[in-house]
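Asks: The primary structure of each chain is shown beneath.
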Amino acid sequence: MHSVTAIVVAHDGARWLKETLAALPRQTRPLDRVVGVDNGSRDGSAKLLTEAFGSHNVLTMPRSTGFGEAVHEVLRRLPPAPGQEWVWLLHDDCAPDANALQALLWAAEQDPKAAILGPKLRDWLDRRVLLEMGVTVSRSGRRDTGLEPREYDQGQHDEIADVLSVSTAGMLIRRDVWDELSGLDTGLPLFRDDLDLCWRARAAGHRVLNVSDAVAWHAEASARRRRRIATSEEHPRRLDRRNGLFVLMANLPFGAFARSVVRNVFGSALRALLFLLAKQPANALDELAALGSVLGHPWRLLRARKARRNGRKQSWPAIRRKLTPPGAALRRLADMVQGFLAGTGPVDSAGRHHAAADTGEEDGDELLTDSGGVQRLLSSPGVVLCLILAAITLAAERTLLPDGLLGGGALVPVTGGAADLWRLYVEDHHAAGLGSGTWAPPYVAVLAGLSALALGKTWLVVGVLLLACVPLAGLSAYAATKRMIPYTPARVWLAATYALLPVTTGVVSGGRLGTAIVIVLLPVYAALAIRVMAGSSRAAWGFGLLLAVGTAFVPLVYVLVAILGGLAAVSFGGIRRGVRRSLAIGLGTPVVLLFPWLVQIAQEPGRILLESGLHDPRLSDPRLAAESLLMLSPGGPGVPPVWATAGLVAVALAALLLRRHQMVVAIGWGVMLFGLLVAIVVSRITVHVGGVIGEAAGGAVPVWPGVPLAFAATGLLVAAAHPAHRITEFRAARGLRRLGAMLIVVVAFATPLAAAGLWVARGADGPLRHDVTDPVPLLAAVESAPGEGTLLLRSRGGEVGYTLLPGRGPLIGESDLEPPGETRTRFGAAVAGLASGRGGEYARTLASFGVRFVSVPAPVDPALQRALDSEPALARRSLSEAGGLWRMSGQVKVPPPAAPASALHRGWLWAQGALLVLVLVLASPGARTTEPDGDFADASAEEGTRGRRRARDDKSRNDRGRDGKGRNDKGREETVPA
Amino acid sequence: MRRLIENRFGLLALVLIASGALFGVAFVSRPAPVAQVRPQAVRAPVESVTAVCPAPAGSRVSVITPPGAGGPGSATLSAIAAPDAKGTDAKDSGGKDPGEKDAVIDRPGLLWQREIASGGGPLMVDATGSMAAGLESAQTARETSGAQRGLAGVRCVEPGADTWFIGPGPAAAEMTLYLANPDSAPADITFMVYSGEGPVLSERGNGAVVKPGGHRVIRLRDLAPSPLIMALRVSTRSGRVAAAVKAVLGEGRGADWLPVAAAPATRVVVPGIPGTAGKRELYVAAPGERDTVVRIKAVLEDGSYALKNKETIEVPAGSTASLDLSTGIGGQPAALVLESDVPIVAGLKITGTGARQDVAFTAGADSIDLGSVVADAQATGGKQVSRLVLSAPFAPATVEVRLLPAKGEAPAPVEVKLAAAHTQEIRLTPRGSKDAFSVVVRPLPGSGQVYGGRVLDEATKDGQLVTAQPLAVGRIWALVPPAVDAPGVVLP
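If you're matching them up, the sequences are chains S and X in order.
Per this note's numbering, residue 1 is the first one in the first sequence, and the count goes up by one each step.
Per this note's numbering, residue 1 is the first one in the second sequence, and the count goes up by one each step.
Hints in this document: simulated from the structure, not taken from any laboratory.
Honestly, I wouldn't trust all of these hints.
Claimed, not checked - Covered by chain X, according to a simulated footprint, are these stretches of chain S (three or more residues, beta-carbon under 8 Å):
id : segment
1  : 618–627
2  : 647–659
3  : 800–806
4  : 810–816
Given the structure is predicted, the values throughout are model-derived calculations rather than measurements.
Cβ atoms here follow ideal geometry from the backbone N, Cα and C, with glycine treated the same way.
With the rest of the complex left out, here is chain X (with noise of 0.2 Å):
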């Protein structure tokens, strides 16, 4: 051991092998790659909801809670009463009818369904508990006569800070937005119109207040009265609205509602196209600074095609588009999957066959990830069908369709498998009753991203009367993300 030491390279071998000790236990105790285990968000009922009906007067509003969810709740509809009206622009809001009190619905499972007076400003639904869980609700409404014949429904919105719609424009349509804020903060909005030619700058300021509690009522005539096509964008500096847009195309030619449009992406999905004959014309717009080239594909029922001579559409930036694809999906239940390199908006114009005709919007929906609610799937009476259209346009799903009437026994729920880029159209006719009746949409754990739409029409002397209405993801579950109290969030 002395001699090792006091060799010269005794010391630079003893070195050397310690070096090489420690370099094998640290190869040796290096650890495995451990995949990333992305962190689970936790699925969780929703516990409150409110949703404005923009102007149910004189239409049939429908609330629906999907059973499921324990414990109390209720959901209670009263009148955004407050007059906000101001100038021409506004109807008469009237104010609250003291007859009228406010309905409270706790019975999860049921629809509740109402027909309400002509006159009244827009309805507001708030519920809380086991009444939140799903809470959908929607004013349908039937004219047989005048400029609003037509079937013209639309689904009761949450408000919101930015909400898309795409559709006629005020030179083709006499387009009114209903704007509420059932909240507590003013609303201080701003109006964006994306015609055929570009953005549209107003000469008379492109902005509104609603205060809290208030709405008001705006003809887009007045904001810009050129457009022929247009996309509308309403968003808010501060606070939140609900903003509803319905479009009366003339006497003759139908009216209906406006659906929310899903916000600006490269990939849009416009469902719920159905069956029926009829025209078919396709918005799309560019709100982006940059032109752009869509690429359009159908999903049809029996498959997924690039419709010839259709396969794109050219959109210049900041203007919106639109193309007739009544040659390609007319008359086959369709979705439409749109891509483009820059964000874009998309909607369709669904119109109804006869010598009056009738007319339907629908517009891009996200995925109906968590199960989607439709509070009113049928008409009470008359020759009417529900039609619910469903596409999974990239992957097979399976489906779980749940009818919930207003009255009895619900059905046992019918599971529907969809195949990949395919659309399958269901009527929903429940079996030997006329009664009211609400549905839900599930796809089942292990499904693709599946789309839709309802489709209610009606056969009349005179015309084909339509409406619809893309399927919405319900508010049934929220996903609660991990929350941790991190420090570090001051950093980017």
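If we strip away everything but chain S, and leave its shape as in the complex, we get (with noise of 0.2 Å):
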């Protein structure tokens, strides 16, 4: 004959007590006792108690006491009843279903052995979804309720299961064995205290059982923070981690746990480390605190250890089969991984109480969750647009097709790989060349970054970010816009534009990889900008770090950027909180990561008009005309007549004449005309730089006003796109304004197609080639001992230019390097000499430079041809068409090798990736903030201003992170001592 004595512990649950407290009475199997206990509730929950059982029936705790020393109370104060006792805990957030007793009740009449009883845990508000049937934990001390989250009860789990541990939400426990068993342990006020008595229970030879005809939806109050939860100092995060770990650790037999120590110290290491890659340092922090704590305090393990000696052994091998398998961690670990990079941060599923609260929709367009595969990739509007412009790209650079190396314009040759630019990066002198201690621009390290992601291959890395940057410009606009303008069409009709710009076809024909990638960012910049202009830090980070990328290639972009922040944070930064602060961010992380870098540049103001790569006076237009800058063509090689932009700028020009959309049609129109101003300005200087051969005295190079031109193209194009979706008003209208619709439409998609054919039918013709030889002749690499170089000459315009070359084509970013003035004005003298054929010591010097070779390219000026013949130092080696080659005899002095190691570089060197380390972790999708605000509504208002801290403590980590490990409780209201 069974007698149950139900035992509700209420502390601050009114919101949920009243309707746990009527569940009692309508048990089909009615309750011998009940008694509730009231741990200094404040919002009433006592007087509910006292309304349902009688004063009698009903203890009062000090606010202090935890829910196992409540139990412990009642059942002291409790005198045995006849016959097989049973007690039922039940919280105050927990309510059973009008049945559950009886399923409980039979299925311990089932199984003599069965002492514990658990049933199945039902979500208070969703009432369908499961929260557990039955926990159990891992190697590493984590809580598994082995659910997915949100997983729905069909019936699909439901048996009687013998299980590790059942929550004590429900717990019907024989009152016999709490006896023998002491209960639940004192020693855990919080979190674990279950998995500890069921351990235990089970090491004793009894049997846990998890019944799930017996249901009982639970709140989970405390672990939901619908209610404080704070029972100590430590943060329950802390807490619920050391408890997990001192209850594995104390109830395994001796060799499991030696090795548990093992696996959790280096588990413990590694969660943290990706604790604070997800930027949740406080995670990590309470990750190393809590196995401190465990291993910090060996007496307290020792002893609980010896308290649970008996029976641990032989019921080992009973329990491991019901730990959590090994395999699962990894499982886990690939999830968090996965979470991570989908930007949902590392969502611990398994050990979440409650499935993740609906994120809403991800920042990634739908073009990036590809998990409907290729005919939902193909259905999308962006990536059809993508491969039309791809086709479009191909058909126009049929010109450029492979057919050796890729370069002209302003791409030197591409030639070495990943390793070779990074060690040009790295390495504190520069042997390459005339020898310079110049640090390497900070541009080769992001193009050796991209190499080393594309398998060291830089000639791809460029061939797509140069060749392909119409289809990534048309796609990074198209995703880019997808908050600014809703109007798919319109959206399409901008990235097609935008992705033909005049700009971009001249980018591609003067082989500008700079502007290339500018232009692949800059909506990218836009649409951070917006994000940052709500005062997002994760997109200051974000926007940062690719401004940084921009600047490294173009300066001039940090320049507009900043004008462009500066003017909005005067007109927003008053507007919305932490504006400022994140246009600190975006703006001050260029400057931090290219520090160095940018103090040269400031030191030659010219060179921020100019970007990386060769300067070639006849990439640029000295005399661009007005009308082709209004109409944001920038001049030189491949681009079109300057009508082709004219529907762009006329369609931008209606929308003007729109009354609803108003602000963010001048807001275009103000960026454009900006644009345009200092496309103007910048067009009409020319830059002084020297290196350049031909065409110009001085080596003047005119500025191209590329960048400033997309900027101003950038702004028309949102004007226009943004109030598109009236179109629709328009057409749906009868008569004139139909008509105007229409021609709109017209108007507007003439630019792109005009832009298309136009470059589809004259090519992609310009200094680009993708047919260069490599600039050292075969057999001058071949036979140039190390060190020795090869001495490049072409004579152009009654000018000689010469390079020299360390026995291999330049690098990218090899250009950029300065040799010491006085070695470059020595070495500059001896090949005016040898280019004379004056005869005299020229040769020796060129070779006291470690000059093997003298290679002249075709078409070979007979002036020079017979100069270099007239050397008795050198000895032609071939004369053809492709070129001459001339060999040096007698000793060729190798330039010493490089000075010794600068401390200074290699210490920025390490700053730098540190800063890179750290900005990429901020900017990076981490943990999200979706809780809602006004969970403490209900907190007490009496609470202390500790408390008060604390909730803030609370609120904010949980701002920042969301990672589920601190959620990891059991779902049970604690008191804090006030």
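Using the hints, build the complex out of the two chains.
Replies: Shown next as structure tokens:
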């Protein structure tokens, strides 16, 4: 004959208590005794208990009492009942189903060894969602319910299952077993005391069952922060982790215990690292502190182990089977990484009490969620647009089919791999050419990194970025405008027009890798800038990082962005919180990341207007016409006729006439006019740089206004595309309006169609070629000893240009290195002397710089050929249509090896690397804030200042991270010592 | 203002005004087209010269450096001694005579002249510093009897990679090729003979290798026995070689050296044709792959004419043609301007008068923009006459002619005005002096292109002796182009 005593422990749970209390009388198996315990509630829980059970059945305890302590107190006072007495433990937020007790008792009768039984726990609000059907633990002390997040109960797990442990919410335990085991361990005032109790029960030879016919709804009020949980000074997350480890280590037999120590030391270190990467330093600290706390008190652990010695070893084989299998840890790690990459943060589904809250639509475009497979991908307008643009690009770039090295215009023939670029970036002294102590420009590091991603193939990276600049720009513009322009046809138009701007086709023809990258990044800047304006600091870090990349290639980008950012700060800084801080992050990051190089640039302000790569006056138009500028055409090779973009300007002007959306249109036009102004100013400037031959005297290079015009075009496109959805309204109308709508559509699409048609018709002709031969002839490359160089001479427009190559082609970025002035002068004089054919010591001077070969590529200037032929120290090796090659006879002095390492440079590289990692971590999608505010509305008003402070801490931590770890408690209410 | 903004057309008007203003700014600030300034090369004195006199034995060797360049410097004459003789082709190179010391010359502006004893190989003149700027040397032989009878002079040439000769073929004369390599790298030489019937492919191979410091003498009959006329190209696959060709037409028909002809070009000027009587035979070769018709124009003392009935000469591809111009330019100092659609090489044979004839050769030459020096302008003794034939075929020119004697004070320079398309002959005879002298010819600034030649002739009882030498660009100045460290040169 059974007798059941129900014990309801309440603490500030009046919200749920009513329903819990109402469920008790409805039980099909009536309760024999009910006892209520009120742990110092301040919300009238005590009154509810008294009303339900009568004042003599309610025990009032201090506010600091824990759950286990309260039950102990009740059972201490309660005399044993006749027969087999059961104790049914209930939380105030746990309402059992009417037949729950009956089902539990029935199961208990079936199995005489069953001493602890638990119901199936379902969610309080969404009543079909499964919360728990028995809980187990992994070898690393992690709680595991074995359920999927948000798994619905469809009877799929229904059975009476032998489990490792059940929750104390609705736990039915035989009173003699309770006494035998001395109940819940009061040393574990919070978290994992249920696991500990059940483990001990199993060790003592009892069984723990989960009865799926018995159902209870559990609000998990504490776990979901519906109620404050704080039982000690420590953060609950740390407490949970510590108790998890403690229970595990206390109950494992010695061998497994030793293994567990090792496993957890490494596991915790790894997890801490992952938390750091996920920008949750507090979690990482808790992880390590929990382990330290367990291992740092060996005596406590030993005492606990001693108390649990009985039956531990004998029961271990049975218990081991109940633990989470070891493979699950790896699976969870994979899930975490996946979640991290998907931007949801390291979701710890198994350890979570409750399924993740809806995070809403992720930032990623639908393009990025390719789970739907090829079909879904192809049905995305963005992908289709990208494919069309790729086809146009292929058709236009038919002249650029690979037949050699890619190079021309501003691009040196691409040779070398990631390792070469990396070496160029980190070496303190560059032996290539005349030798230089200049620090390599930072874009070399960007390209080295990208090449490393492409398995070291720099040509692939440069080829994709430059040749596929058009489809990439289209894709980027399409994806980035998702938030800005909701009307998809307008987005498609915007992306297509942006991708086929005169600037873009000019970039391809001119081989301007830097501007190509900026053009792809520009829509991303715009999209991120909107989030920066909303005060998102994560977006600001990302913006800063990408801006640093763009600035490294084209410094002018930074100036433009900084001016626009400054204007935006003035306009919006007062409106939204955090905008100034985010802006400071976004604009400060590039400065910090690129600092020494920016100082270099600032010393020669002209270089701000130039971009990476070679500077050639033939690549820009020194007399760019006013109408070209106004029509966004930057001049130089590869740009369509001026009228090609007229449609875009016309549509943007028409957008001004709309009454609504005037703000966005005005901002767009503002950006356009600003970009145009900058473009006009810079296109009238010529920058004097060295290293330019022919065409212009004194090495003056007219500035190419591509980037400012791309800014202008972006503004114009947004102004035109943003109100475009009104076209549908007009089309629905009749008469003149409808006609106007059609006209606008035709004019709008005329621009990308004309640009594409002209581009395909003319082909991507330009200085950029894909059939450039290696500047170092094969013979010279083969016959040069290490350290010996090849002098390349080319006569153009009465000048002789030269460069010294170290037995291989130049790397991207090597043209920006500056040799010491004196060396350069001496070498230049020697080259001039050699090219004049006047004899003398010039050849020997060149030999002292390590020149073994002199190469003159076709067409060979006859005067230069005669001069080289007349030099006794030079022996001609070959002369043909491909060019001439002369070999220096006699001793060639190899330049001395690199100068000693510069500590400053080393230090900076390390610092830069560390800063980059930091920015990456801060910018990468980590945990996300989705917890609704106001969860603490029902927190007691009388809480002390410390409580409030903790509340603030909790909230801010919570804001920063929702990894689930901290939520890994068991949904039990505890009280805080006020 | 507020109403303006809220008005539907207000924003449009603002934008249009702003755009118009920007257009205006851009329009006004558009720079005027800038005339491109071609960077000027700087003239700088030559710093070192190496020349090889191919066979000075029994000849008079003259070495001169015009004065002007300062600083130390010296020229060394040394025999190229290392025997490179091999087979029957090579004469005995003799090796360096132990008693023969290297001559060192260190006084610019003074002519150095020596008779070289017979026997011995080529002579290398190696000059550096102030002695190098304009260093010129020549060898002149005078034989009064035998197959070699006549005046035979040749300018000592710098080693090069590509040298052209044009003249009679081995079937018409004993043609000998002298090769010398004063460099430290071996010279891998290829010969190409363009005969009247087309290019000659030799069965015995058409190449030779001359070791560093070595020399070789090759009878062209062994390469191509049949041509009556020929153009010869001596080029190197690697290294450099100094080449010279001597033509001995046979007993009583004269002998002389072929001057180096200008590289193939579509316009060739053959200067330095003297006003003496005798036959004149033009040789033209078209080494390319297209037949051509060469237009001939003579630049004479009274102007420039197309020669009657000799307006053109047809040259089949890869072959050499000749044309007798005696009736056109005989007895008149002249230069020939040849024009063609394809690059050609041209030369001229000058035959002296008398019972026993002597020949001289001139060939296409470059204009002497930077001046020219003739080392040997006056033979000592005898009834020799030295003439300078100067032509300005395209534009008027003024040249300064300076004589540099071996001893004594240099006479004042003489300015010669040349009308456009005219030729002028100058007799070089310093007053009252029988000393040897050299000539420096320098076009004054503003002059057109000037071409010229120096002719020595001597009337003897049995016939006139003659030798000619087209004026070569002096090695006085070199044009130093501006050199720019330009990484962009890796791109075409």
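Asks: Does each hint fit the structure? Answer for all of them.
Replies: Going through the hints against the structure:
no. : hint    : result
1   : 618–627 : holds (count 6)
2   : 647–659 : holds (count 4)
3   : 800–806 : holds (count 5)
4   : 810–816 : holds (count 3)
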